[in-house]
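Chemist: Construct the entire structure; sequences and hints are all you get.
2 protein chains.
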Amino acid sequence: MTLRISIIGFGAVGQGVADVLMRTNHPVTVVAIADSRGAVVDESGVDLAAALKRKKNTGTVATTDMTAVDVIESVDHEIMVETTPTEMETGGIGLIHIRKAFEMGRHVVTSNKGPLVAKYSELCGLARKNNLHFRFEATVGGAMPIINLSEEVLAGNRIIAIEGVLNGTCNYILSRMDDEGVSYEHALGEAQELGIAEADPTADVDGIDTVAKIVILANSVFGMDAGYEDVDVTGISKITPEAFKLAKDGGYTIKLIGEIQDGTLKVAPKMVPRNHPLNIEGTFNLASIQTELAGRITIGGIGAGSIETASAILSDILWIG
Amino acid sequence: MTLRISIIGFGAVGQGVADVLMRTNHPVTVVAIADSRGAVVDESGVDLAAALKRKKNTGTVATTDMTAVDVIESVDHEIMVETTPTEMETGGIGLIHIRKAFEMGRHVVTSNKGPLVAKYSELCGLARKNNLHFRFEATVGGAMPIINLSEEVLAGNRIIAIEGVLNGTCNYILSRMDDEGVSYEHALGEAQELGIAEADPTADVDGIDTVAKIVILANSVFGMDAGYEDVDVTGISKITPEAFKLAKDGGYTIKLIGEIQDGTLKVAPKMVPRNHPLNIEGTFNLASIQTELAGRITIGGIGAGSIETASAILSDILWIG
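Respectively, the protein sequence lines represent chains A and B. For the first sequence, the numbering used here assigns the number 1 to the initial residue and increments by one for each residue that follows. For the second sequence, the numbering used here assigns the number 1 to the initial residue and increments by one for each residue that follows.
No lab work stands behind these hints, which were simulated from the structure alone. The beta-carbon is built from N, C-alpha and C at its ideal position, and this holds for glycine as well. Be aware that one or more of the hints could be misleading.
To give an idea of the chain A side of the interface with chain B (calculated C-beta under 10 Å), a few residues [to be verified]: (1) V20; (2) E137; (3) A143; (4) L149; (5) G156; (6) G295; (7) I299; (8) G301; (9) I307; (10) L314; (11) L318.
Negatives, chain A to chain B, calculated, CB over 12 Å [stated by the list, open to error]: (12) R4; (13) S36; (14) V41; (15) K56; (16) T64; (17) M66; (18) E89; (19) K129; (20) G181; (21) Y184; (22) E185; (23) F222; (24) M224; (25) A226; (26) V233; (27) A247.
Modeler: Written out as structure tokens, the structure is:
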């Protein structure tokens, strides 16, 4: 039997999901896609190539003016895939979509951090009450499968602490400062030219994106009930070439580290020994998980990219199916 | 309901399993333990503390002269945990125990590489035919959960290649040669003094242990039907301080790498860039998994140790339960 899914939000990640489904051969049928301007619905399966082309040419996937909420309410499907832009404070429209999906009896797979940061326990409660799955591997570290690893593979093994390099943009900037001795502004400019940093890089360089990931890990892996305000955060914009020089002389580098330990959540630049597993280069992400029995386990993967993120979404879809 | 298990083989790993079960609170009851001199059986649960003490004081866990095969045949239990010493060429007694367990309708969890290297497809066939689980995470890299990660977490994601640092003893020796510029013989002696290398280090330093792990990964993750003889192997004993100096000058180090790519299996020392994820220190193990959609994923963990290995066994037990 084929799984019927909707894709709600059709930016880079939503398009990546369509792309990945076209490249692979899984029993998954996309019965609807919605973006902010409308939707396309076909119960026998949306033509994904045509949808991607229409989006590219016209800026929208829509062939009808149905809204995302209309799709979630009225089109029969098993899994709603939520990939709209993140709104961290309130959860934004993603939160509305996920609530609606659970109300309609649909499983949810998402890459959208906002709803999880704003309303994690409410959403888990809704999923449980309706006996539905809620999967969000793609929210933390793109292709790095840390949540599913923690939940499934390490079963029986109490997790004591997690620390990680969880933002590829920051790590690219810091790697360049370390390698080349350049200033923060220079490395940021370079990252922006390459499309690694956004024109407004605030969410990355101020640590906001890392905070969101730490909150999601704290809630999902440690069973906490944390929110954005529970994290002590320092960004990377004040780090100087001199600080890197001092670190280097002592055998260290500087990384933006998110950590959860003894119930405390923190995001800050930290000295890391040069031969430490967290000393990774470029846009790679890596988490180090301290466990009771197995000692330290590390898991790394590409932190962003539409195909990589879509791959995490696909794993979650297939897990449900 | 509690899961009833037997522990067959009561060396470091078998004792680790008992230790881990005592430390944690899982619905698992050990109904029998066997070593080469006999067994202890108690259908209401073997007293694990007493069993560990008896082993330590008398050299055997036995209170009866039942053999391991007797236990597997005549004691009711769901899962046989096989931890006897490895015999790579024929599969040794481990192979006999696993065949017998499947014949009797018991699931198998093992840390014993020999039977998997010698008779992988036969054993998988027996498990399938009898509708039983066959789990062996502990055979590759101790606490590093690469097999379960590949099978479950990366579902939907075709794995293209794996390369890894899979032997902690070799990696310790090579790390010391790199850090201190000492000779192979010196670093090996040091590892032996610390108990990291065995008195006869052949299985580690000649690459035999890494070959076994590569064969198990090729068969389980790539669905190949490989054996020991299919791997092209070179050990580490010929590596000189001069080779390390040359590598270092060029920004490289030397690691013993096991790899599977395009159907080819290889174990050999290899130059690795100093900032590459495979440049890990000491007895840590790390594998880099190249996937079709998610790019490169890395997974690392402590490569040996009775508790760490027992933790992988416990994950497998709980997965079945």
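Chemist: Quick check on A/V20 please, does its C-beta sit within 10 Å of some C-beta on chain B?
Modeler: holds, 6 Å
Chemist: Does the claim that A/G181 lies off the interface hold, with its Cβ farther than 12 Å from every Cβ of chain B?
Modeler: holds, 16 Å
Chemist: When the nearest CB of chain B is found for A/G301, is that gap smaller than 10 Å?
Modeler: holds, 5 Å
Chemist: Per the stated criterion, does the least C-beta distance between A/S36 and chain B lie above 12 Å, as a non-interface residue requires?
Modeler: The assertion about A/S36 holds, with a minimum of 27 Å to chain B.
Chemist: Beyond 12 Å from chain B, beta-carbon-wise, is A/F222?
Modeler: holds, 18 Å
Chemist: Find the nearest Cβ of chain B to the Cβ of A/V41 and say whether that gap is larger than 12 Å.
Modeler: holds, 25 Å
Chemist: Closest CB-CB distance from A/Y184 to chain B, is it above 12 Å?
Modeler: Answer for A/Y184: holds, closest chain B Cβ roughly 20 Å.
Chemist: Quick check on A/G156 please, does its C-beta sit within 10 Å of some C-beta on chain B?
Modeler: With a minimum Cβ separation of about 5 Å from chain B (threshold 10 Å), the hint on A/G156 holds.
Chemist: Identify whether the interface hint at A/L149 stands, where standing means a beta carbon of chain B within less than 10 Å of its own.
Modeler: holds, 6 Å
Chemist: Let's test the interface hint: is any C-beta of chain B closer than 10 Å to that of A/L314?
Modeler: holds, 5 Å
Chemist: Would A/A226 pass as off the interface with chain B, using Cβ distances and a cut of 12 Å?
Modeler: A/A226 clear of chain B: closest Cβ-Cβ about 24 Å, beyond 12 Å.
Chemist: For A/V233, is the shortest beta carbon distance to chain B beyond 12 Å?
Modeler: holds, 27 Å
Consistency with the previously given hints is maintained throughout, with no hint failing.
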